[in-house]
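Numbering of the sequence shown is given in the numbering used here, commencing with residue -10 and proceeding in unit increments.
Derived by calculation from the structure, the hints in this document are not laboratory data.
Check before you lean on any hint, since a few could be wrong.
[To be verified] As a list, the in silico DSSO-like pairs of lysine-lysine whose alpha-carbon atoms are at most 30 Å apart:
no.: 1; residue 1: Lys54; residue 2: Lys119
no.: 2; residue 1: Lys119; residue 2: Lys312
no.: 3; residue 1: Lys59; residue 2: Lys119
no.: 4; residue 1: Lys54; residue 2: Lys312
no.: 5; residue 1: Lys312; residue 2: Lys269
no.: 6; residue 1: Lys269; residue 2: Lys284
no.: 7; residue 1: Lys269; residue 2: Lys59
no.: 8; residue 1: Lys59; residue 2: Lys312
no.: 9; residue 1: Lys54; residue 2: Lys269
[To be verified] Pairwise CB distance ranges (calculated):
no.: 10; residue 1: Gly247; residue 2: Leu153; range: 47 to 53 Å
no.: 11; residue 1: Arg266; residue 2: Pro215; range: 28 to 34 Å
no.: 12; residue 1: Arg283; residue 2: Gly102; range: 28 to 34 Å
no.: 13; residue 1: Arg217; residue 2: Thr56; range: 41 to 47 Å
no.: 14; residue 1: Glu323; residue 2: Ala267; range: 26 to 32 Å
no.: 15; residue 1: Ala270; residue 2: Arg156; range: 43 to 49 Å
Cβ atoms here follow ideal geometry from the backbone N, Cα and C, with glycine treated the same way.
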Amino acid sequence: MRTPELVQPRPTDGRNIDPALGELRGEGAQQTVATLDEARPFETRPARGEATAETDSYYGLPLLKETVWKWAIPTYFYVGGLAGASAAVAAASLLRRRSLVHIGRAGRLIAVGGAMASAALLIQDLGIRKRFIYMLRVFRPTSPMNLGSWLLTAFGGAATASLLPGRIGDAVSVAAGVLGLPLTSYTGVLLANTAVPLWQQARTTLPPVFVASAAASAAGALEMLPLRPREQRVVRRMAVAGKLAELLNDIALEHEVGRVERVALPLHRGISGALWRAAKACKTASLILSLFPRKPRWGWIAAGVLGNLGALATRFAIFEGGKASARDPHATVEMQRAG
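Using the sequences plus the hints, can you model the full thing?
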């Protein structure tokens, strides 16, 4: 007798849909609509004679599908950027190996931890571990998602090998730093290559926003560590530069997105708007604390915590804003008409 094969449960995240769910059965299959206008899911109606409804789109329905990504993806955007920037800092510290030894060691450890957490977050969102492996079956440079999977895999191996002692570890640390730089920005390129109005409209400024946010979060993580006075001065300068660049890039993103008023609404309303305002408040407070060279230990920790909270909130604000933008048919139409 053959033993029955184990059947894996279907994920419930919208990726695998049972065709039987679309079948009409029971009393519901016999329902009819007497008047079409009464069944339309919107209040306003288009003017007569118009082929397209400018006021409410096609029956008030979104023109785009909302992303099925879950919370793990914006968290990965933050963790991956932190890991990539930390690896770059660790590689740069080799120029002053003796005076920046603690920064280099801490950067390598953060890079390794971030690489492991990034892989776990991607697998958690995909639902099945094999899906991440399947993404490596092909190499397609024109696909930011496929290229990012290969980049994360190579970065994780290099970051782990950088913990080896001696010159081997130093050489691999440089390779991890080189791979870490595109890891901080490719997620912004990935979002900008979609049709979601908010992400598409910010295609020029979104990658720099992610890069600056990754640099600021890496500096903030180092600020929280007990370092020697010389290393603290280096970290403080890096933190001030990164956080200032982060705020300036946020302003540039708002300006670019604001060219189409409807597209910019998610940055001012709803959950995404609240997250965006909270992110800017955390970054501003963190920058103010970092500007003071002499402060108690709690001041360094507060500056690092606020900086990283701002970086994490930025990712979630852009993520939630993209979901809200995809649900708004007017944003899609107005962005296309604006060219």
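Status of the hints after comparison with the structure:
Between Lys54 and Lys119 the alpha-carbon distance is near 25 Å, which keeps this suggested pair within the 30 Å criterion. At most 30 Å may separate the alpha-carbon atoms for a hinted pair to count; Lys119 and Lys312 meet this at roughly 27 Å. Taking the CA atoms of Lys59 and Lys119, the gap is near 18 Å; set against the 30 Å cutoff, the hint holds. As the CA atoms of Lys54 and Lys312 are separated by approximately 9 Å, the hinted pair is consistent with the 30 Å bound.
Between the alpha carbons of Lys312 and Lys269 the distance comes to roughly 20 Å, so the proposed pair stays at or under 30 Å and holds. Taken as a hint, the Lys269 and Lys284 pair is honoured in the structure, with Cα atoms around 23 Å apart against an allowance of 30 Å. Annotation: proposed proximity of Lys269 to Lys59 holds, straight-line Cα distance about 23 Å (limit 30 Å). For a cut-off of 30 Å, the pair hint linking Lys59 to Lys312 stands: about 11 Å separates their Cα positions.
Taken as a hint, the Lys54 and Lys269 pair is honoured in the structure, with Cα atoms around 29 Å apart against an allowance of 30 Å. Between Gly247 and Leu153 the Cβ separation comes to about 49 Å, which falls inside the hinted range of 47 to 53 Å. A hinted range of 28 to 34 Å for the beta carbons of Arg266 and Pro215 is consistent with their spacing of about 33 Å. The hinted range of 28 to 34 Å is satisfied by Arg283 and Gly102, whose Cβ atoms lie roughly 30 Å apart.
Between Arg217 and Thr56 the beta carbons are some 45 Å apart, a value that agrees with the proposed interval 41 to 47 Å. Checked against the hint of 26 to 32 Å, the pair Glu323 and Ala267 passes, with Cβ atoms roughly 27 Å apart. Judged by the Cβ atoms, the range 43 to 49 Å given for Ala270 and Arg156 holds: they are separated by roughly 45 Å.
Hint compliance for this structure: no hint is broken.
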